[in-house]
Amino acid sequence: MMKNGKKVFGFGSALLALTLAMTGCTGGGGSSTVSGEAKGGEGSTAEAAGNAYVLGEQPLEFSFYGHYDWYTMPNWGEDKASEWIKANKKVNVVPISSGGNAKQKLSTMIVSGELPDVIWTERGADVESLRKAGALVPFDDYLDKYPNLKKWAGQETIDMLRSEDGKLYQFPNWYTTQPNGNAGYLVNKKIYNDLGAPSLETTDDLYDYLVQVKAKYPDVVPLEVGQSAGGVDIMTSAFAENRPYQYSSLSMKAIPSGDALTSVFTDEVFRETLVYANRLYREKLISQDAFTQPLEQVEQKIITGKAAVYVASSPTEFGAIGNSILSEEDPEAGYIMVWPVHKEGLDKNKIFPGTYNQLGWNVSVITKSAKDPEAVFAFLDWLTGPEGQRISMWGPEGLYWDGVDEEEAPKFTDAFTSDTKGRDELMNSTVNLQWVGNTVYVDNSKMKFESTLPEDKKSWETKWQSEITWKTQYDTTEFVNLNPAGDTNEGIIEQSVGEIYEKAKAQAILNAGSEEEVLAILDQAEKDAQQVGYAQLLEYKTQKWKENLEKLGR
Amino acid sequence: MQNTTHRVTIEKSKAKPSLFKRFGRQWDLQLMVLPPLLFIFVFSYIPMYGVLMAFQDYSLFEGFAGSPWVGFKHFEMFFGAPEFWTVIRNTVVISLLKLLIGFPAPIILALLLNEVRNRVFKKVVQTISYLPHFLSWVIVSGFVMSMLSTENGSVNMLLQNLNLIKEPINFLSLPEYFWTILVTTGVWKEIGFASIVYLAAIAGVDPHMHEAAAMDGAGKLRQIFSITLPAILPVIIVFLILAIGNLLSAGFEDILLLGSNPVLRDVGDVLDTYVYRTGIQNNRYSYATAAGLFKSLLGVLLLVGANYAARKSGNSLW
Amino acid sequence: MKQSAGDRTLLFIIYALLALMAFFSFYPFWNAAVISFNNGTDTMRGGITFWPRSFTLENYAVVFEDSRLINGFVISVLRTVIGTLLSIGATAIFAYGMSKSELIGRKGYMVFCIITMYFSGGLIPTFLLIRSLDLFNSFWVMVIPGLISVWNMIIFRTFFKGIPAGLEESAKIDGCSNWGVLFRIVLPLSGPVIATLSLFTAVYHWNDWFTPSIYISNADLLPIQTKLQQILNSNIMSEQMAQMDSAAQGRMGRMKAVTTKSLSMATMMVATIPILCVYPFLQKYFVKGVLVGSLKE
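If you're matching them up, the sequences are chains X, R and B in order.
For what it's worth, the working numbering labels the leading residue of the first sequence as 1, then goes sequentially.
For what it's worth, the working numbering labels the leading residue of the second sequence as 1, then goes sequentially.
For what it's worth, the working numbering labels the leading residue of the third sequence as 1, then goes sequentially.
Bound-form chain X, shown alone (with noise of 0.2 Å):
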C-alpha cells in the first residue's frame, strides 16, 4: 500500500550509491523532456506561422486537465454542443482526470514530464513554476491572428495576464469588461411581508428586523450566512463606501490605506464588522452552526424557506431554486433580493457587497506537449467568440436558439422559454466544458432575451442580476495576483497569519462574550501575526499592488 509523506533513514551507503545510480536515468529525465518536447513543438508551429490556423479543415486532439479535485470533464462528444464541435470542427478532446487528488496528480506529470496539452487551473503559483521551467507556450504570436480573445478581453485584461517576462501565457475564463456576479442579500419574501415589509437600508435596520424575525418565527434562522460564515466577509461592504469584501478576506489579508497596504487586524471596519457579526450571533440572530455546517444544509434551509435573510457570495443559486419552489405551493412565497445594506450615514451607492475582476476566474494553458499549440489556441479562441459561446451554452443551432441578430446575439427559440427541463438538461451538460467563458457576450445576450420577455417568464436570477446585483459589484483587478507563492519565506508567512487570521474570525465570531472581547481578540491576533512577520508579508503584497496599478495605467 502506498502512502505518501512516509519517510526513510535510509539503508546502507551501498543501496544508496545504487539507487543514486538509477535516479540518474529516472529522476534527471524529467527536467530535459520537457525542453526535448519543446523543439518538437516550435518545428511544428514554423509551418503554421504566417497563416492563420483554420479550425474544422483538419481534425485536431488534444489533452485536456483541469486541476480539481472536483472536476470531472464530460466524454467530449456525449453531450449536444460537444457532439457537434467534434463533427463540424473535427476537434476532440482527451480528458485527463485529476482523479480527485489534483496535486499530486500534477506533480507526478511534471516529475515525468509528461503533461497535458492544455491545463485549466487558477491563476498564480502553479501557473508561473510551469512557466519558469519552460514548459508552457506563449502566445504573444497568436494574438493578432486570431480575433476573439484580443477584441472581447481588450487589451488592459491581456496585459494583467502576462507573466513576469512580459510575454502571454494564459488564456481567461469568464473574463469581462462590465460588472458581474451575484453577491447580496436574499430575503424572504413570506415573512418580509408578514412583519410589514420595513425598511431594511442600514445595519441598525437590519438588526431590528432579525429581532422581529426571531420572536415571531423561533423556527427561522434569522440571518443565515453560509459556511464558514462567509456571508460576514460579504458583511464587511456594509460598514464603509466603496469597499470590497476582499481586503479582510483570507485570501488577501491587507486593507489599502494611502499607497500602502496594512493590517487587516487593526482595520476599524473589519473590526467593526466582527463586532456586529458577534452582537447577531450571541442574540442568536445568525445560524448558530456558521462555522461547522455543510454545504447542503445551508441548501436545505434556503429551498424549504427556513432563512429570513441569506448574504452570500452567490445566493442567486439557491435562491432560484428556493423561489421557484417556494412559490409554486404558495404565490406569495418565495425571495427577493434588497438594496445592499449599509451603517448609517454611508452613501448607498457606495455599497458593493460583490467583487468581479476582469480576469475572471481561471486560465487555460497550453504546454509545449502540444504538438499544434497554435491549432490549440485557434480552439479556445473560436470557443470564446460568439459562436463557440453560443454553441457551448445553449447547445446548436435550431434547438433553443436560431439565428443571430446585428450584435450576434443568439436569438432564442419559444423552446428557450416552454422547454425549461430540457434546457436546463443541455445547459447543465455543457457547464462542464466552459473552459474560456465570455462574460460580456453571454450577460449581454442573456439580458437581451429576457427584456422580450413578459414579466411572468422572466427569469428570477436574470431579474436580480440587472436590478441589484450587477449594480453593486466592485471591480478588484488591480488586487489580483498578490498572494506569494507557498513555498517562498513570504508564503510561509501567508500561511502562518492565514491560519492566525481564521482562528480569530471564528473566536470573535463565536465566543467572545462582549464588543471588548471582541476587539481584545482582534488585538491579540495582531501581536501574533507581526510576530510570524506580517509586515514583510504587507510590503510584499504592497509591492505587487503597485506593479499591478502600473500595467493598468493608474
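Just to be clear, a hint being listed does not mean it is correct.
As the list claims (entries may be wrong) - With a Cα cut of at most 30 Å, we get these calculated BS3-like pairs of lysine-lysine:
| # | chain 1 | residue 1 | chain 2 | residue 2 |
| --- | --- | --- | --- | --- |
| 1 | X | K551 | X | K145 |
| 2 | X | K448 | X | K421 |
| 3 | B | K100 | R | K21 |
| 4 | B | K100 | R | K312 |
| 5 | R | K21 | B | K172 |
| 6 | X | K411 | X | K471 |
| 7 | X | K190 | X | K446 |
| 8 | X | K189 | X | K216 |
| 9 | R | K73 | X | K503 |
| 10 | X | K284 | R | K166 |
| 11 | X | K132 | R | K73 |
| 12 | X | K132 | X | K89 |
| 13 | R | K73 | X | K527 |
| 14 | B | K100 | R | K122 |
| 15 | X | K463 | X | K190 |
| 16 | X | K150 | X | K306 |
| 17 | B | K172 | R | K123 |
| 18 | B | K107 | R | K21 |
| 19 | X | K216 | R | K166 |
| 20 | X | K151 | X | K471 |
| 21 | R | K21 | B | K161 |
| 22 | X | K214 | R | K122 |
| 23 | X | K527 | X | K80 |
| 24 | X | K503 | R | K166 |
| 25 | R | K312 | B | K284 |
| 26 | X | K306 | R | K122 |
| 27 | B | K284 | R | K123 |
| 28 | R | K73 | X | K103 |
| 29 | X | K411 | X | K463 |
| 30 | X | K150 | X | K86 |
| 31 | R | K312 | B | K161 |
| 32 | X | K150 | X | K421 |
| 33 | R | K220 | B | K284 |
| 34 | X | K343 | X | K214 |
| 35 | X | K527 | X | K551 |
| 36 | X | K503 | X | K89 |
| 37 | R | K220 | B | K161 |
| 38 | R | K122 | B | K107 |
| 39 | R | K122 | X | K544 |
Worth flagging that the hints you see were computed from the coordinates, not collected in a lab.
Here the structure is a predicted model, which is why all the values come from computation and not from measurement.
Using the hints, position chains R and B against chain X.
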C-alpha cells in the same frame, strides 16, 4: 586409514555444518521467502531515496539531481514551528484515546458475537456492523455534522426532549467535545471490520474446551476470560504491537472533515493534518518529507519498544 | 446445556447491545440508499430519513447509462479478483516460510520487512519507479506493486505459528516436503485466516481510488472508486473557494452543483454494494473448531 578419515569428516559436518550448507538444505523454504523479499526490495527500498528530499530544497522541476542541498534546515523549521508542541500533544492524545477505546472495542464485539447462539442474528449483526467501514469519511462526517447540528440535529433534539439541556449545544464549535466526537465516530466506523480478524481467531478455539469448562461450573464470563481470551492472545498482541508503532498516525480525513472549524485547530491539529496543510498544500515537499521522516523514526522506536516488551510473552514480531 | 440465571441475563444484555449497535451502523447506509432512490431536487429540501419521499429510479438510470461508470465497475471487479488471488497466494507462501523457526535469517528478514511499513520514499520516487518499469497507465499497476503485503504476512505468520507442530511433523515423516506441508496440511486448516485476509485485501483493492488516480491517465482504465471520489469531492468546500472573488465563486459553484446528492448516493451505492456482498459469502469459512479431532493424542 580411509575409514578413520571418513568418520572424522562425518563428525566434523555433524558438529559444525557451514552456514552455506545449512542454507542449501533448506533451499525450498528459502525459495518461499526470497522472491517476495526481492519484490519488497524493488518496490519499497528502491524508491526510498525519496527521503533525501528532506535534506534538499526540492523542486519538482529540478528533480533530485538538480535541487540544492540544505542539510537540516527543514527539520529546524519544523521543530521551531510555534504549533509544533500543540501538534505533537494532539497527535499523542488522540492516538492514545483511540487506542484505549478503539483497540479493545472490536475484541469485545467479537467476544460478544461469539456468545450469540442464534445463527441468523449473528450473521446479520456481523454483516451490518462492518458497513460503516465502507462509507467514506466524506459521507460519515456529513452525517455526524447534521446529527450534531444546533438546528434540528438529532442529538440536540433528543437531549432537549429528555429535558437534559435547554439550549442546543454547538458540539462542533466547542473544543472540549472534539476528542470525544472524534474517538466515538472513529470507533463506530471501524469496530465491525476490525472485529473480523478476532472472530477468525476465535473460530480456531476448540469448542470442547468450553463444554468441559461449563461442566466444571464455569459461567460464560469465566469461560471467556480463561479460555477464549488466552487462545486469541497471540493475535491481540501482534495487533497491539503494530498499533503502538502507529501511534503517530492519529487520523487524517476524519480530523480534516470534522475539525474544519478553526476554533478546533488547537485540539484537532495532528501531525498528518499539519503537514498536509502547511507542507503539501503549499508545495513545500521538502518540509513535508522532513516532518514525515521524523514521524517514521519515532514510529520505529515505538515499535521496537513495544516488540521488546512483548518478547516476554513469546509473541513478539521478531 | 443448562444456563444459570446470570448467564441468561448476560445473554440478554449482549443481544440488546448488539441490536443497538447494528441499528446505528445500519442507519447511515440505509439513509444513503433511501436518498439514492429519491428525486434529486426533492432531496435538496432535506428531511429524508427512513423512506424516500419522492421515489424515483432516475438516479440509477443516470449511473447505469454512464458508460464510464459501468466501465469503471468492470475494472474494479477485475482488479479486485485478480489482485486478491495473486496477493493472498503470494503472501501466504511467504508467511509460511517466515513462520518456520528453522528459517535462516528469519529475524533479519522480518526487520527488513517491517522497516518498509514505516519508511517509504514517498510518491515521487515510487512514481518514477513505476514508470521505469513500464507499468504506468496499465491495468497491472493496480495489482503488482501491492502484491506482497507485509501486514498480511505478519497476520498469516501468527496464525501459521499456532498450528500444532505435531501435524506438520507427522506429514514430514510421511515424506512431505515443506511445500507439500503448506499446501496439503496448513492451508486447508487456515480457512478463517485466509477468508479474513482475502476479505481485507479485496476491500483494499476495491476501495483504493488513490493509486489509479495517480498512475492511470486513460479514463477507460479507471476503477469506479476513483470516479466516485471526484463526485464526492464536489460536495466539499474546496480551499480554493476562499481565495476567489464572489463572481468566480459563483461560476465554480455552478459547475459543482450539477451533481445532486441523490446522484452521488446512487453512485456510491453502485460502487459499494458489490464488495459488501463478499463477506456474507466468506462467512461460511469461519467455522469453529477446524482443528478438532485432527490431532491424535
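Here is how each hint holds up against the structure:
For a cut-off of 30 Å, the pair hint linking K551 (chain X) to K145 (chain X) stands: about 24 Å separates their Cα positions. Only pairs whose Cα atoms come within 30 Å are accepted, and K448 (chain X) paired with K421 (chain X) is accepted, the gap being roughly 22 Å. At roughly 18 Å between alpha-carbon atoms, K100 (chain B) and K21 (chain R) fall within 30 Å of each other, so this suggested pair holds. The suggested pairing of K100 (chain B) with K312 (chain R) holds, with an alpha-carbon distance near 20 Å, which does not exceed 30 Å.
The suggested pairing of K21 (chain R) with K172 (chain B) holds, with an alpha-carbon distance near 21 Å, which does not exceed 30 Å. Among the hinted pairs, K411 (chain X) with K471 (chain X) is consistent with the structure: their alpha-carbon atoms are about 26 Å apart, no more than 30 Å. A distance of roughly 29 Å separates the Cα atoms of K190 (chain X) and K446 (chain X); the hinted pair therefore holds under the 30 Å criterion. Of the supplied pair hints, the one linking K189 (chain X) and K216 (chain X) holds, its CA atoms being roughly 15 Å apart against a limit of 30 Å.
For the given pair, K73 (chain R) sits about 28 Å from K503 (chain X) by alpha-carbon distance, which is consistent with the 30 Å threshold. Of the pairs offered as hints, the one joining K284 (chain X) and K166 (chain R) holds, with about 14 Å between alpha carbons and a cut-off of 30 Å not exceeded. Among the hinted pairs, K132 (chain X) with K73 (chain R) is consistent with the structure: their alpha-carbon atoms are about 25 Å apart, no more than 30 Å. For the hint linking K132 (chain X) to K89 (chain X), the alpha-carbon distance of about 33 Å lies beyond 30 Å, and the restraint is violated.
Restraint check: the Cα-Cα separation between K73 (chain R) and K527 (chain X) comes to about 26 Å, which is no more than 30 Å; the hinted pair holds. With a C-alpha separation of about 36 Å, the suggested pair K100 (chain B) and K122 (chain R) falls outside the 30 Å cut-off, and the hint is violated. In summary, the hint linking K463 (chain X) to K190 (chain X) is supported, as the alpha carbons are separated by about 19 Å, within the 30 Å threshold. About 46 Å separates the Cα atoms of K150 (chain X) and K306 (chain X), which puts this hinted pair outside 30 Å; it is violated.
Simply put, K172 (chain B) and K123 (chain R) have alpha-carbon atoms about 39 Å apart, too far for the 30 Å limit, and the pair is violated. Pair hint K107 (chain B) plus K21 (chain R) holds up; C-alpha atoms about 19 Å apart against a cutoff of 30 Å. For the hint pairing K216 (chain X) with K166 (chain R), the CA-to-CA distance comes to about 19 Å; that is within 30 Å, so the pair holds. Between the alpha carbons of K151 (chain X) and K471 (chain X) the distance comes to roughly 24 Å, so the proposed pair stays at or under 30 Å and holds.
Distance hint between K21 (chain R) and K161 (chain B) is fulfilled; the C-alpha atoms sit about 26 Å from each other, no more than 30 Å. Taken as a hint, the K214 (chain X) and K122 (chain R) pair is broken in the structure, with Cα atoms around 50 Å apart against an allowance of 30 Å. Simply put, K527 (chain X) and K80 (chain X) have alpha-carbon atoms about 57 Å apart, too far for the 30 Å limit, and the pair is violated. In summary, the hint linking K503 (chain X) to K166 (chain R) is supported, as the alpha carbons are separated by about 28 Å, within the 30 Å threshold.
Restraint check for K312 (chain R) and K284 (chain B): the C-alpha separation of about 36 Å exceeds 30 Å, so the hint is violated. A hinted pair counts as satisfied when its Cα atoms are at most 30 Å apart, and K306 (chain X) with K122 (chain R) does not qualify at roughly 44 Å. For the given pair, K284 (chain B) sits about 10 Å from K123 (chain R) by alpha-carbon distance, which is consistent with the 30 Å threshold. Of the pairs offered as hints, the one joining K73 (chain R) and K103 (chain X) holds, with about 24 Å between alpha carbons and a cut-off of 30 Å not exceeded.
Pair hint K411 (chain X) plus K463 (chain X) holds up; C-alpha atoms about 19 Å apart against a cutoff of 30 Å. Between K150 (chain X) and K86 (chain X), the direct Cα distance comes to roughly 25 Å. Compliance with the 30 Å bound is thereby established for this hinted pair. The hinted pair formed by K312 (chain R) and K161 (chain B) meets the criterion: a straight-line CA distance of about 17 Å does not exceed 30 Å. For the given pair, K150 (chain X) sits about 36 Å from K421 (chain X) by alpha-carbon distance, which is inconsistent with the 30 Å threshold.
For a cut-off of 30 Å, the pair hint linking K220 (chain R) to K284 (chain B) stands: about 25 Å separates their Cα positions. Between K343 (chain X) and K214 (chain X) the CA atoms are separated by roughly 22 Å; this keeps the pair inside 30 Å, and the hint holds. As the CA atoms of K527 (chain X) and K551 (chain X) are separated by approximately 34 Å, the hinted pair breaks the 30 Å bound. A C-alpha spacing of about 52 Å is found between K503 (chain X) and K89 (chain X), which places the hinted pair above 30 Å, so the restraint is violated.
For a cut-off of 30 Å, the pair hint linking K220 (chain R) to K161 (chain B) stands: about 28 Å separates their Cα positions. The hinted pair formed by K122 (chain R) and K107 (chain B) fails the criterion: a straight-line CA distance of about 40 Å is larger than 30 Å. At roughly 67 Å between alpha-carbon atoms, K122 (chain R) and K544 (chain X) are farther apart than 30 Å, so this suggested pair is violated.
Comparing the model with each earlier hint shows violations of hints 12, 14, 16, 17, 22, 23, 25, 26, 32, 35, 36, 38, 39; every other hint is respected.
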